[in-house]
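*Asks:* Residue strings, one per chain:
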Amino acid sequence: MPQTSSLALLGSFALLLALVLSAYCFLVGLIAILFPNRYSDVLGETARRAGIAVFGAVALASIVLVKAAFNDDFSIAYILHHSNRELPAAYKFAVLWSGQEGSLLFWSLLLATYALVLRLRHKTDTRLFAHASIVIAGVQVFFLLLLNIAAHPFATVTGTIPPDGNGLNPLLQYPEMVIHPPMLYLGYVGFTIPFAFALGALIMKYPGEKWIHITRRWTMVTWGFLTIGITLGAHWAYSVLGWGGYWGWDPVENASLLPWLTGTAFLHSVMMQEKRGMLKVWNMWLVFATFWLAILGTYLTRSGVLNSVHAFAQSGIGTWFKWFLPLTFAVFVGFFVKNRSHLRSEHKLESLVSRESSFVFNNVLFMVACFTVLWGTWFPLLSDFVQGTKVTVGPPFFNRVIIPIALLLLLLTAVGPLLAWRKTSIESLKRNFLWPASGSVFIGLLMVIFGVRPWEDSSYFYSTMAAILSVLVILTVASEFIRGGRVIARHTGQGMLWSMMHLGHRNTRRYGGYIVHFGIALVAIGILGSAFNQQKEQELAFGDKMTIGPYTLVCQSYTQEDNPNYASEWAILNVFRNGKQVTTMYPERRVYKASQQPQTMPRIYPTFTQDFVLLRDLYVIYAGVNPDTGHPIIKAHLNPLVPWIWIGLVVMILGTALAMVPNAAPVSVAVPVRVPVAAGAGD
Amino acid sequence: MGSTLLSSRRIAHSILLALAVFLALGAGDDRRFDKLGHGLMCICGCNQVLLECNHVGCRDSDRMRNELTAALTSGSGSSDDTILQGFVQKYGMTVLAAPTTSGFNYVAWIIPFVALGLGIVFLVMVVRSWKSRPAPALADGIPSVHGSDLERFRQQARKETEL
Numbered sequence: 001m002p003q004t005s006s007l008a009l010l011g012s013f014a015l016l017l018a019l020v021l022s023a024y025c026f027l028v029g030l031i032a033i034l035f036p037n038r039y040s041d042v043l044g045e046t047a048r049r050a051g052i053a054v055f056g057a058v059a060l061a062s063i064v065l066v067k068a069a070f071n072d073d074f075s076i077a078y079i080l081h082h083s084n085r086e087l088p089a090a091y092k093f094a095v096l097w098s099g100q101e102g103s104l105l106f107w108s109l110l111l112a113t114y115a116l117v118l119r120l121r122h123k124t125d126t127r128l129f130a131h132a133s134i135v136i137a138g139v140q141v142f143f144l145l146l147l148n149i150a151a152h153p154f155a156t157v158t159g160t161i162p163p164d165g166n167g168l169n170p171l172l173q174y175p176e177m178v179i180h181p182p183m184l185y186l187g188y189v190g191f192t193i194p195f196a197f198a199l200g201a202l203i204m205k206y207p208g209e210k211w212i213h214i215t216r217r218w219t220m221v222t223w224g225f226l227t228i229g230i231t232l233g234a235h236w237a238y239s240v241l242g243w244g245g246y247w248g249w250d251p252v253e254n255a256s257l258l259p260w261l262t263g264t265a266f267l268h269s270v271m272m273q274e275k276r277g278m279l280k281v282w283n284m285w286l287v288f289a290t291f292w293l294a295i296l297g298t299y300l301t302r303s304g305v306l307n308s309v310h311a312f313a314q315s316g317i318g319t320w321f322k323w324f325l326p327l328t329f330a331v332f333v334g335f336f337v338k339n340r341s342h343l344r345s346e347h348k349l350e351s352l353v354s355r356e357s358s359f360v361f362n363n364v365l366f367m368v369a370c371f372t373v374l375w376g377t378w379f380p381l382l383s384d385f386v387q388g389t390k391v392t393v394g395p396p397f398f399n400r401v402i403i404p405i406a407l408l409l410l411l412l413t414a415v416g417p418l419l420a421w422r423k424t425s426i427e428s429l430k431r432n433f434l435w436p437a438s439g440s441v442f443i444g445l446l447m448v449i450f451g452v453r454p455w456e457d458s459s460y461f462y463s464t465m466a467a468i469l470s471v472l473v474i475l476t477v478a479s480e481f482i483r484g485g486r487v488i489a490r491h492t493g494q495g496m497l498w499s500m501m502h503l504g505h506r507n508t509r510r511y512g513g514y515i516v517h518f519g520i521a522l523v524a525i526g527i528l529g530s531a532f533n534q535q536k537e538q539e540l541a542f543g544d545k546m547t548i549g550p551y552t553l554v555c556q557s558y559t560q561e562d563n564p565n566y567a568s569e570w571a572i573l574n575v576f577r578n579g580k581q582v583t584t585m586y587p588e589r590r591v592y593k594a595s596q597q598p599q600t601m602p603r604i605y606p607t608f609t610q611d612f613v614l615l616r617d618l619y620v621i622y623a624g625v626n627p628d629t630g631h632p633i634i635k636a637h638l639n640p641l642v643p644w645i646w647i648g649l650v651v652m653i654l655g656t657a658l659a660m661v662p663n664a665a666p667v668s669v670a671v672p673v674r675v676p677v678a679a680g681a682g683d
Numbered sequence: 001m002g003s004t005l006l007s008s009r010r011i012a013h014s015i016l017l018a019l020a021v022f023l024a025l026g027a028g029d030d031r032r033f034d035k036l037g038h039g040l041m042c043i044c045g046c047n048q049v050l051l052e053c054n055h056v057g058c059r060d061s062d063r064m065r066n067e068l069t070a071a072l073t074s075g076s077g078s079s080d081d082t083i084l085q086g087f088v089q090k091y092g093m094t095v096l097a098a099p100t101t102s103g104f105n106y107v108a109w110i111i112p113f114v115a116l117g118l119g120i121v122f123l124v125m126v127v128r129s130w131k132s133r134p135a136p137a138l139a140d141g142i143p144s145v146h147g148s149d150l151e152r153f154r155q156q157a158r159k160e161t162e163l
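Chains A and B supply the protein sequences, listed in that same order.
Going by this note's numbering, the first sequence opens with residue 1, and the numbers climb by one from there.
Going by this note's numbering, the second sequence opens with residue 1, and the numbers climb by one from there.
No lab work stands behind these hints: they were computed from the structure.
In this text, a Cβ means the ideal position worked out from N, Cα and C, and glycines have one as well.
Check each hint, because a few of them may be wrong.
[Said to hold, decoys possible] 30 Å max Cα-Cα, derived DSBU-like pairs, lysine-lysine:
1. 275(A) to 322(A)
2. 90(B) to 338(A)
3. 131(B) to 545(A)
4. 35(B) to 390(A)
5. 275(A) to 205(A)
6. 423(A) to 275(A)
7. 123(A) to 338(A)
8. 90(B) to 390(A)
9. 205(A) to 338(A)
10. 123(A) to 67(A)
11. 280(A) to 205(A)
12. 275(A) to 430(A)
13. 322(A) to 338(A)
14. 536(A) to 131(B)
15. 280(A) to 322(A)
16. 275(A) to 123(A)
17. 131(B) to 210(A)
18. 35(B) to 430(A)
19. 280(A) to 123(A)
20. 430(A) to 131(B)
21. 205(A) to 123(A)
22. 275(A) to 131(B)
23. 338(A) to 280(A)
24. 338(A) to 275(A)
25. 423(A) to 210(A)
26. 35(B) to 280(A)
27. 131(B) to 423(A)
28. 580(A) to 536(A)
29. 322(A) to 390(A)
30. 131(B) to 205(A)
31. 67(A) to 593(A)
32. 210(A) to 275(A)
33. 210(A) to 280(A)
34. 390(A) to 280(A)
35. 67(A) to 210(A)
36. 90(B) to 35(B)
[Unchecked claim] Going by beta-carbon spacing under 7 Å, a handful of chain B positions derived as facing chain A:
37. 93
38. 94
39. 98
40. 111
Produce the complete structure using the sequences and hints provided.
*Replies:* Right under this line is the structure:
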């Protein structure tokens, strides 16, 4: 038999081996904990090692699948359906997560990788890590069962093997798609680890708060990946889908937002537990909800239960999730009910105006936002059930209900850092709040002076409020850095810049968090620009002009190109502003040969060189040829402030990275002390 | 000094000029078309808002956009609701991008705000219960500090740290 069959066999064997090892890790690890005796330690160690070996087996299966893609092994059905001979190498690598079965394998690989790190670091706390390892093994068994039974990536083609594959979905043939899914999956899968620690701590009634420190760090890493994944997804939608927007409130997009919202809530409320011993029950539930929503999102994406632009093909694996989701819920609730007395809060609240109150309010808002997204996503099914008619719940609904909640969150982002733990005096709040509030009100007035009429249209009202609150966040963050920096500068005699950088190093978590808040404010500024979007569509023959905002697009030429993967045609458009040519754009339309699917490739010109602060994107699409006139159709969008969204993301990632760096030691300052000279000294 | 002032003024001018250009973008004649077009879904199966359907050569979205333009320019003075109703009659309820505010669909709009209200009630209850919780007992020998003394210590800490 040719090499093709051996790859399928090897991959299948690796998957089966991974399942057996995971099951061993789960069962033997459980026995070692439930029935302690003199062999327990040895048994537990074998379970841990089996868990480590799972990584090897799943990695082998993944490598085999990628190898099959590079070998054009179309005897494997997955490769036949998601690859073709002329597919560029980078996308052949991305075939691993481009379809249902492969992406489940990728999920399993990432979980095995996280688990590998956890199991190798077991000496941090052997018992807690052993409990967490068993929980992870339980989740891994589920995914490996799915892979071995319901969604086998190495299933072979029956009958004649076609000479070429169907090719990768054209929408996925974009460089960002090589990075976006791994980041998103690292986020989704990573939430299993905090859940495993939380459940482990609950089961063993873990004494102390160490588990929460460990969990917070893992959550921060995972949250960072999910944030990158979501934003890359938005950027991909913006750059590839060709509708001029970046977020469509699609069920799959919503599914990624749900665990992000609960994860963000947890990153805030966990501070209450660490610093004040409060919200223990709440945090436990938040960790569970985050994990559970990540699995729910996977179910939504893969079961075909909801219509989506991004969903994988419909399949029968939904039934598996319908069992797994209640099972995990039941297990968690069971242990929670049994051991909840262990989670008593230790402190009382001293004042309503305190950091504690703001965190609880913050969590309430995150939960309401999460519930609203979930509600809107599921409402079509509910409507179908109640009325017999599926209604559409699209962007107008979400924009109207989520934006007020988001604005409240933005307000809290600005005010929260100014509140002290335990109690804040109204005087200090006034003192710290005065100039940031004045600055933000000034921005609001400027907007009205320059023609925005918030009372005329809700989108203008929301964008004005978002501008005011974003500026408020930025100014409060700046004031925190300046105040802290000033104290250090006074004590050390160093410059302000050095002092502020040192401040960030001294309390990385606090100031990293502030930088994340700053990034959020930038993202909000980027989003508020959508109220002022412009769009235009026009047929452009050679030499024709089209004007949008201050830009004039002149059609210079149309041309065509052919390569083994796709045939393309594109327009060459010269872009002028104030009579001066600023750039040339090449919007493109491709037809992929293997799949015979057409795809537009928009071109985006960010106006960095012309607009100082209020950056915009000139976004141009070659929409095809009008069959009646034979003239090409060009769609142009002028999207104000969008570049700030991507800049805000970079800032958020930098802030997250800073928050994970250990604190530096405080600067020691030499204080002159008058020493009394003892009699006879110096003799 | 003079050059710093000049560059600050230039930056301020740039900001104001850019702000003016940016704000002027809001004014457009086809705002109603834009609003209604974003309230409808394309029926081609792409699951996207009508004006954002990105399918190359999508016949459905082109036809629907033409219908919307015709409805707006027919001169019969149709209200937005009437135009949307026309689309619902032709294409069914799913053509609307958001639930209506009548019948069971109204629930979709109400529930998030009910959740927000309940959340705030929950917040008040939690904070109240925390406030009324007895203070944790201190270990023997540690004097507890209350009232004006506690406030004095806080003031002192704030003064010394300026934080």
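*Asks:* With reference to the structure, classify each hint as holding or not holding.
*Replies:* Comparing the hints with the structure gives:
Between residue 275(A) and residue 322(A) the alpha-carbon distance is near 38 Å, which puts this suggested pair outside the 30 Å criterion. Proposed proximity of residue 90(B) and residue 338(A) is contradicted: the alpha carbons are some 57 Å apart, above 30 Å. Between residue 131(B) and residue 545(A), the direct Cα distance comes to roughly 68 Å. Violation of the 30 Å bound is thereby established for this hinted pair. Among the hinted pairs, residue 35(B) with residue 390(A) is consistent with the structure: their alpha-carbon atoms are about 23 Å apart, no more than 30 Å.
For the suggested pair residue 275(A) and residue 205(A), the alpha carbons sit about 20 Å apart, so the restraint of at most 30 Å is met. Under the criterion of a C-alpha separation no larger than 30 Å, the hint pairing residue 423(A) with residue 275(A) is consistent with the structure, at around 14 Å. For the hint pairing residue 123(A) with residue 338(A), the CA-to-CA distance comes to about 28 Å; that is within 30 Å, so the pair holds. Simply put, residue 90(B) and residue 390(A) have alpha-carbon atoms about 16 Å apart, close enough for the 30 Å limit, and the pair holds.
Our distance criterion of 30 Å between C-alpha atoms is met by residue 205(A) and residue 338(A), whose separation comes to about 10 Å. Using a Cα cut-off of 30 Å, the hinted pair residue 123(A) and residue 67(A) is violated, with the two alpha carbons roughly 36 Å apart. Only pairs whose Cα atoms come within 30 Å are accepted, and residue 280(A) paired with residue 205(A) is accepted, the gap being roughly 12 Å. Using a Cα cut-off of 30 Å, the hinted pair residue 275(A) and residue 430(A) holds, with the two alpha carbons roughly 25 Å apart.
This hinted pair checks out: residue 322(A) and residue 338(A) have alpha carbons roughly 25 Å apart, not beyond 30 Å. The suggested pairing of residue 536(A) with residue 131(B) is violated, with an alpha-carbon distance near 58 Å, which exceeds 30 Å. Only pairs whose Cα atoms come within 30 Å are accepted, and residue 280(A) paired with residue 322(A) is accepted, the gap being roughly 29 Å. The suggested pairing of residue 275(A) with residue 123(A) holds, with an alpha-carbon distance near 25 Å, which does not exceed 30 Å.
Of the pairs offered as hints, the one joining residue 131(B) and residue 210(A) holds, with about 27 Å between alpha carbons and a cut-off of 30 Å not exceeded. Proposed proximity of residue 35(B) and residue 430(A) is contradicted: the alpha carbons are some 41 Å apart, above 30 Å. A threshold of 30 Å between alpha carbons decides the hint, and for residue 280(A) with residue 123(A) the separation of about 25 Å falls inside it, so the pair holds. Taken as a hint, the residue 430(A) and residue 131(B) pair is honoured in the structure, with Cα atoms around 24 Å apart against an allowance of 30 Å.
Taking the CA atoms of residue 205(A) and residue 123(A), the gap is about 19 Å. The hint holds against a cut of 30 Å. In summary, the hint linking residue 275(A) to residue 131(B) is supported, as the alpha carbons are separated by about 17 Å, within the 30 Å threshold. Between the alpha carbons of residue 338(A) and residue 280(A) the distance comes to roughly 15 Å, so the proposed pair stays at or under 30 Å and holds. Using a Cα cut-off of 30 Å, the hinted pair residue 338(A) and residue 275(A) holds, with the two alpha carbons roughly 26 Å apart.
With a CA separation close to 26 Å, the supplied pair residue 423(A) and residue 210(A) stays within the 30 Å bound. Our distance criterion of 30 Å between C-alpha atoms is broken by residue 35(B) and residue 280(A), whose separation comes to about 46 Å. For the hint pairing residue 131(B) with residue 423(A), the CA-to-CA distance comes to about 12 Å; that is within 30 Å, so the pair holds. Distance check on the hinted pair: residue 580(A) and residue 536(A) sit about 21 Å apart at the alpha-carbon level, within 30 Å; holds.
Our distance criterion of 30 Å between C-alpha atoms is met by residue 322(A) and residue 390(A), whose separation comes to about 22 Å. In summary, the hint linking residue 131(B) to residue 205(A) is supported, as the alpha carbons are separated by about 27 Å, within the 30 Å threshold. Only pairs whose Cα atoms come within 30 Å are accepted, and residue 67(A) paired with residue 593(A) is accepted, the gap being roughly 23 Å. A hinted pair counts as satisfied when its Cα atoms are at most 30 Å apart, and residue 210(A) with residue 275(A) qualifies at roughly 12 Å.
Distance restraint check for residue 210(A) and residue 280(A): the Cα-Cα separation of roughly 13 Å lies within the 30 Å cut-off, and the hinted pair is therefore satisfied. For a cut-off of 30 Å, the pair hint linking residue 390(A) to residue 280(A) is broken: about 40 Å separates their Cα positions. Of the supplied pair hints, the one linking residue 67(A) and residue 210(A) is violated, its CA atoms being roughly 43 Å apart against a limit of 30 Å. With a C-alpha separation of about 20 Å, the suggested pair residue 90(B) and residue 35(B) falls inside the 30 Å cut-off, and the hint holds.
For residue 93(B), the suggested interface contact is upheld, since its CB lies about 5 Å from the closest CB of chain A, less than 7 Å. The beta carbon of residue 94(B) comes within 5 Å of a beta carbon in chain A, closer than 7 Å, and the hint placing it at the interface holds. The interface hint given for residue 98(B) is met, as the beta carbon of that residue sits about 4 Å from the closest beta carbon of chain A, less than 7 Å. Using the Cβ-Cβ criterion of 7 Å, the hint placing residue 111(B) at the interface with chain A is satisfied: the shortest such distance is roughly 6 Å.
Checked against the numbered hints above, the structure breaks hints 1, 2, 3, 10, 14, 18, 26, 34, 35 and satisfies the rest.
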